[in-house]
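Chemist: Protein chains in written order, with this note's numbering: chain A, 134 to 385; chain B, 134 to 385; chain C, 134 to 385.
Warning: the hint list may mix true and false statements.
Note that the list lumps identical chains together, so a pair holds whenever it fits in one copy or between two copies.
Unchecked claim - Below, computed lysine-lysine pairings styled on DSSO-like, alpha-carbon distance capped at 27 Å: (1) K254 / K209; (2) K384 / K273; (3) K167 / K209; (4) K209 / K343; (5) K384 / K209; (6) K343 / K273; (7) K254 / K167; (8) K273 / K254; (9) K371 / K209; (10) K167 / K343; (11) K254 / K381.
These aren't lab readings, by the way, just hints derived from the structure by calculation.
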Amino acid sequence: PDASAGVAVMRFNNPPVNTLSLEFLTELVISLEKLENDKSFRGLIITSDRPGVFSAGLDLREMCGRSPAHYAEYWKAVQELWLRLYQSSLVLVAAINGACPAGGCLMALTSDHRILADNPKYSIGLNETLLGIVAPFWFKDTLVNTIGHRAAERALQLGLLFPPAQALQVGIVDQVVPEERVQSVALSAIAQWMAIPDHARQLTKAMMRKATASRLITHRDEDVQNFVSFISRDSIQKSLQLYLERLKQKKG
Amino acid sequence: PDASAGVAVMRFNNPPVNTLSLEFLTELVISLEKLENDKSFRGLIITSDRPGVFSAGLDLREMCGRSPAHYAEYWKAVQELWLRLYQSSLVLVAAINGACPAGGCLMALTSDHRILADNPKYSIGLNETLLGIVAPFWFKDTLVNTIGHRAAERALQLGLLFPPAQALQVGIVDQVVPEERVQSVALSAIAQWMAIPDHARQLTKAMMRKATASRLITHRDEDVQNFVSFISRDSIQKSLQLYLERLKQKKG
Amino acid sequence: PDASAGVAVMRFNNPPVNTLSLEFLTELVISLEKLENDKSFRGLIITSDRPGVFSAGLDLREMCGRSPAHYAEYWKAVQELWLRLYQSSLVLVAAINGACPAGGCLMALTSDHRILADNPKYSIGLNETLLGIVAPFWFKDTLVNTIGHRAAERALQLGLLFPPAQALQVGIVDQVVPEERVQSVALSAIAQWMAIPDHARQLTKAMMRKATASRLITHRDEDVQNFVSFISRDSIQKSLQLYLERLKQKKG
């Protein structure tokens, strides 16, 4: 983490594409907890150290051919990451310097400000339906809060990945800038947010996000059970397996 | 109904202007029920077979000079149509090839995608206040979900009917196309939605719409009672009668 | 109050900058109550008689160096003004002919239609965080209803004051017009709203605003207690005192 003026920078580096494996999720949560407790930091920029991808999202290998207990453990870790990020008392800025689908998009959506590199290959969205799976209600709530009910309904059903110009227009990101300027613009943006008195800003942020976060906190166990029973279905397992095999062939 | 690639087309044909009489509502609900249960259909286009009008909306003759029992029966049928359409597991596309006020607009708002013919005479909106009546809360909820709270507050109070360009801008429709292309664009649009795995799309749609549908389901009887007591008022009956007489004179 | 065609005009005149002192709040509430009960008025334009400022908002002197009982009395009066304005059965139009921060913006947000004079000095927004304080949940709800969740989250955290062009773009006002035309445009706008049958318009307005108003009504005492305990904190009192002293020096 950098420390220029109280700003930490978290550079995702889980080769090849920053997939959110259980191990990587756990690391992220621990790092976030440390930063929250370290009074020398008031802001955090999340970005990628892997070329061309911010994060490929959830790790299908954690959701395929494993035990129900493993699925439950994995899902709790995903919930935990979202709760930490969405309720962070730090100013959170996403410097999105690569493709940003599914779980990658979810992380970006928890930020206070989102900057996307202007590269047609870098699209952003919750594309779960394309894989035959369903974004849970708290992914949905986070998206509705960001782009509104109608745009979210359309984006979630169609599994839309928005390229930069469309992403800006629908409001899923706040700025689109040339790729080489993403980091410097992120620093300027976070400076604007850090100019606000911390206490007032944090209370305001908590007020805005409380209802949405509480909904998951209240239904956490139920949400784990839903995930485990959904992902354990034969039809879902088959379609995930097919998808993983196709991915392997692409690389091979 | 057509069957090209799993798409049914429902062409409203209740002369002269597709008014939602009790009989027509009942027919629509039965047709929808059949389509939902027919596995050969995955998508439905609703459009009009009457020139110049999609649907004139609720039938004032069912709401004027009849018994409370009739008003209750009529209102239950309106509720039933909305619940069927809004919660349909089919992909629903509205090919709006004519004027689309009040109850016509309500049907369009239940769709997954709305295409309006680019004709200045074809406006769309919930214009109930202009007749001295009030859209019920579930009409309001459907509109808020589509265009947001502020735009809905303004549109509902002023009884706004949006001509094509304004309709597109406020987001009450998704596309405005030349009149002769409405049907072909509807087919292209529905193909995009039908490319998504059904099960994931249906669960996502249900998740997006559940809270809104549940609100009516929970308060269904109360909503019928409200309607019956409101519509039975002398002042409302008088103003509906006046309106109906003016309509007759226009035609005569 | 003017009476041309049932329109009252309330011109704020509490020198120098229409600060919402306890006395001024009480006067406003009494005037509103009278207007609501006077059947000769169906619409109300709120505007300023002070040059360059619509209203500077809440009176920090009522919130600084006083007793808890005074803070409670003051806050109840702020709640009362908002409840009266937000639930008014009159058509309410804001002719914003000057700067419109914080509590001034709150009053404007309760209107059915907002017109801002096109002067770069006249910005509008809820800038509480800049003073180290937090807008209460009902200020927040009113803003979210007007500009949506994401824009409100950003505006409230950053304490944004929108100059005219930005105010129009984000939707916090409905029209921006040359300064000399604010009053005449307000009269035209209110005429459009008053053309709608009163009863239907009022029921529709109540339906749109009920949930938001009820939230404060239900938590009114709790909200007073929160305000009193927050504003009584040493750190808040110190920062308000500093701010007031700086204001005095500016003038001196």
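Chemist: Have a look at K384 and K273 and pick one of within, between, both or neither, based on CA distance no larger than 27 Å.
Modeler: Intra 31 Å, inter 49 Å, cutoff 27 Å: neither.
Chemist: At most 27 Å between CA atoms: does that hold for K254 and K381 within a copy, between copies, both, or neither?
Modeler: This pair counts as within: shortest intra-copy Cα distance 20 Å, inter-copy 55 Å.
Chemist: Since the copies are identical, ignore which copy is meant and state whether K254 and K209 lie within 27 Å (CA to CA) inside a copy, between copies, both or neither.
Modeler: Close neither inside one copy (31 Å) nor across copies (50 Å); limit 27 Å.
Chemist: Give the relationship of K384 and K209 under a CA distance limit of 27 Å: within one copy only, between copies only, both, or neither.
Modeler: neither (30 Å within a copy, 57 Å between copies)
Chemist: Between copies, within a copy, both or neither: which fits K167 and K343 at Cα up to 27 Å?
Modeler: For K167 and K343, only the intra-copy Cα distance (22 Å) is at most 27 Å; the inter-copy one is 39 Å.
Chemist: Pop the pair K209 and K343 into one bin, within, between, both or neither, using alpha-carbon distances up to 27 Å.
Modeler: The answer is both: 19 Å in one copy and 25 Å across copies each meet 27 Å.
Chemist: Check K254 against K167 for me: Cα-Cα at most 27 Å, and say if that holds within a copy, between copies, both or neither.
Modeler: Neither: 34 Å inside a chain and 44 Å across chains, both beyond 27 Å.
Chemist: If the cutoff is 27 Å on CA atoms, where do K167 and K209 land: within, between, both or neither? Let me know, please.
Modeler: For K167 and K209, only the intra-copy Cα distance (19 Å) is at most 27 Å; the inter-copy one is 42 Å.
Chemist: Tell me, please, which holds for K343 and K273 at an alpha-carbon limit of 27 Å: within, between, both or neither?
Modeler: both (15 Å within a copy, 13 Å between copies)
Chemist: From the Cα coordinates, with 27 Å as the cut-off, is the pair K371 and K209 best called within, between, both, or neither?
Modeler: Close inside one copy (23 Å), not across copies (43 Å); limit 27 Å.
Chemist: Can you tell me if K273 and K254 fall within 27 Å by alpha carbon in one copy, between copies, both or neither?
Modeler: within (24 Å within a copy, 37 Å between copies)
When the structure is compared with the earlier hints, violations turn up for hints 1, 2, 5, 7 and for no others.
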